[in-house]
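Asks: As a plain string of letters, each chain reads:
There are 2 protein chains.
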Amino acid sequence: MKALLVIAHGSRRAESNDEVRRLTDTLARRAQAEFPIVCCGFLELAEPSIPNGIEQCVQAGATEVVVLPYFLSAGRHVVTDIPNDVRGKQEQYPQVNIRIAAYLGAHDRVTDLLLESALIPA
Amino acid sequence: MKALLVIAHGSRRAESNDEVRRLTDTLARRAQAEFPIVCCGFLELAEPSIPNGIEQCVQAGATEVVVLPYFLSAGRHVVTDIPNDVRGKQEQYPQVNIRIAAYLGAHDRVTDLLLESALIPA
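Chain order of the listed sequences is H and V. Okay, so the first sequence: first residue is 14 according to our numbering, each after it adds one. Okay, so the second sequence: first residue is 14 according to our numbering, each after it adds one.
If we strip away everything but chain H, and leave its shape as in the complex, we get (with noise of 0.2 Å):
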């Protein structure tokens, strides 16, 4: 069973970190087919943190799970913090098959995105 797990930065701000579970909402109910699991996890500031994100998805019977930083750059959070995070899970449950996806930034459609919104205002 194949889990996806939104990984933001968390905010001090809870409605910034609420925002990021109504997109998981939405993302459940979009990606049900391919993803019966699909939960969020902040790498700090809220919880869950990502081990305990991974921990939910593994408790709700995922044999696979999908490591997706909603993220906008290879910064250190993407390239080291996200991995270490991973590895420490991947050792605790070896026979789940847990991978880290592109970052949403690395997709070539953000610049459509943002040419979009920039005719939005605030």
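Think of the hints as simulated: they come from the structure by calculation, not from any bench. One or more hints might be untrue.
Which copy is meant is left open, so a pair is good if it fits within one copy or across any two.
To be verified - Within a straight-line C-alpha distance of at most 20 Å, the following computed SDA-like cross-link-like pairs (lysine to any residue) qualify: (1) LYS102 / PRO134; (2) LYS15 / ARG43; (3) LYS15 / SER130; (4) LYS15 / LEU132; (5) LYS15 / ALA73; (6) LYS15 / VAL71; (7) LYS15 / ASP125; (8) LYS15 / ILE133; (9) LYS102 / GLN72; (10) LYS15 / GLU129; (11) LYS15 / ALA41.
With chain H held as given, fit chain V onto it using these hints.
Replies: Relative to chain H, chain V alone:
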């Protein structure tokens, strides 16, 4: 003359800031007709700063600057820090129309890109 100013967080990792500069180059090529001037600015940790980015646009002849937050959630940076930086330059250049556009994460097709990213290995 319209300018587009892409605002990213900025990273200690030079490659990550260069990634934003490359994205800005791509946008410049694509948005040329509507935005003859396309620059980037960083909230922190990299140059140009947001005020300096606006300054570059104005010096290049911009009469209108669209500030485009390359951010995923409405955290403190989007809600408070970017508007504060913009306000100072707006006061300095009252004749230039500076407006802040919707941040990237507010775009409803971000979920499409996330689902596609889930299929791409890191």
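Asks: Indicate, hint by hint, whether the structure satisfies it.
Replies: Right, here's what the structure says about each hint:
1. In this homomeric assembly, LYS102 and PRO134 come within 20 Å of each other (Cα to Cα) only across copies, at 19 Å, whereas the closest approach inside a single copy is 42 Å.
2. Proximity of LYS15 to ARG43 under the C-alpha cut-off of 20 Å is restricted to the intra-copy arrangement: shortest distance 14 Å within a copy versus 37 Å between copies.
3. Proximity of LYS15 to SER130 under the C-alpha cut-off of 20 Å is restricted to the inter-copy arrangement: shortest distance 15 Å between copies versus 32 Å within a copy.
4. Within a single copy, LYS15 and LEU132 get their C-alpha atoms only as close as 37 Å, which misses the 20 Å cut-off; across copies the closest is 12 Å, which meets it.
5. In the homo-oligomer, the alpha carbons of LYS15 and ALA73 lie at most 20 Å apart inside one protomer (10 Å), although the nearest pairing across protomers, at 51 Å, exceeds that limit.
6. Within a single copy, LYS15 and VAL71 get their C-alpha atoms as close as 10 Å, which meets the 20 Å cut-off; across copies the closest is 51 Å, which misses it.
7. Within a single copy, LYS15 and ASP125 get their C-alpha atoms only as close as 29 Å, which misses the 20 Å cut-off; across copies the closest is 18 Å, which meets it.
8. In this assembly of identical chains, the alpha carbons of LYS15 and ILE133 lie at most 20 Å apart only when taken from different copies (15 Å versus 36 Å within one copy).
9. For the homomeric pair LYS102 and GLN72, the shortest alpha-carbon distance inside one copy (13 Å) is at most 20 Å, but the shortest distance between copies (52 Å) is not.
10. Taking identical chains as interchangeable, the C-alpha atoms of LYS15 and GLU129 lie at most 20 Å apart only when they sit on different chains, with a minimum of 15 Å there against 33 Å within one chain.
11. With identical chains, the CA atoms of LYS15 and ALA41 are at most 20 Å apart within one copy only, with a shortest distance of 12 Å there and 39 Å across copies.
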